[in-house]
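Colleague: Using this note's numbering, read the sequence shown as starting at 279 and increasing by one per residue.
Watch out, some of these pointers could steer you wrong.
[As the list claims (entries may be wrong)] Under the rule of at most 27 Å between Cα atoms (straight-line distance), these lysine-lysine pairs were calculated in the DSSO-like manner:
hint, residue 1, residue 2
1, K399, K354
2, K375, K399
3, K333, K358
4, K318, K382
5, K413, K358
6, K414, K358
7, K295, K333
8, K423, K354
9, K423, K413
10, K358, K423
11, K358, K399
12, K284, K318
Think of the hints as simulated: they come from the structure by calculation, not from any bench.
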Amino acid sequence: MYDVIKLANYVISFCVKNGNPISNLQLQKILYYIQGYFYKHFEEFAFDEDIVAWKLGPVVPDVYYEYNHYISRPIKEEYKPCELPLILDSHRDVVDKVILKKYKKSPWDLVNDTHSELPWKETKALGGINSVIEKKLIIEYFENKDI
């Protein structure tokens, strides 16, 4: 498992290096997709922290508050190696594929995508906004999905 802030730093750095910095809103959705596809491929989660069903979709609160000073602006940070996780090559392949699939989507397309998916919809319906999206829902939803 990876430190979620360092994993977020990795996602941000990847996007900056590829010429498409992302907002905090996009980062939240990408982390959600990384968590789901990571579990599908490795039967373990990429990070320990809960993902919560907020009004605009899945959010990792610790990461959100780390970057909320950017508001809706792109995050253009370049991180030092000590601020990035040491990701195993097999893990990096999955993480990079998820980022490449999602990082050019607009924040609102990502919000719409996650709002249409079972984990957020069911969590919102059963527990309401600000409820934790159960890991079981993430596992079940992503088990038959391809990156």
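Colleague: Please go over all the hints and tell whether each is borne out by the structure.
Modeller: Each hint, compared with the structure:
With a CA separation close to 31 Å, the supplied pair K399 and K354 exceeds the 27 Å bound. A distance of roughly 25 Å separates the Cα atoms of K375 and K399; the hinted pair therefore holds under the 27 Å criterion. A distance of roughly 33 Å separates the Cα atoms of K333 and K358; the hinted pair therefore is violated under the 27 Å criterion. Restraint check: the Cα-Cα separation between K318 and K382 comes to about 23 Å, which is no more than 27 Å; the hinted pair holds.
Restraint check for K413 and K358: not satisfied, since their Cα atoms lie roughly 31 Å apart, outside the 27 Å limit. Between K414 and K358 the alpha-carbon distance is near 35 Å, which puts this suggested pair outside the 27 Å criterion. For the proposed pair K295 and K333, the alpha carbon gap of about 30 Å is over 27 Å, so the pair is violated. For the hint linking K423 to K354, the alpha-carbon distance of about 30 Å lies beyond 27 Å, and the restraint is violated.
Using a Cα cut-off of 27 Å, the hinted pair K423 and K413 holds, with the two alpha carbons roughly 16 Å apart. For a cut-off of 27 Å, the pair hint linking K358 to K423 is broken: about 33 Å separates their Cα positions. For the suggested pair K358 and K399, the alpha carbons sit about 37 Å apart, so the restraint of at most 27 Å is broken. For the suggested pair K284 and K318, the alpha carbons sit about 21 Å apart, so the restraint of at most 27 Å is met.
Hints 1, 3, 5, 6, 7, 8, 10 and 11 from the list above are not met by this structure, while the remaining hints are.
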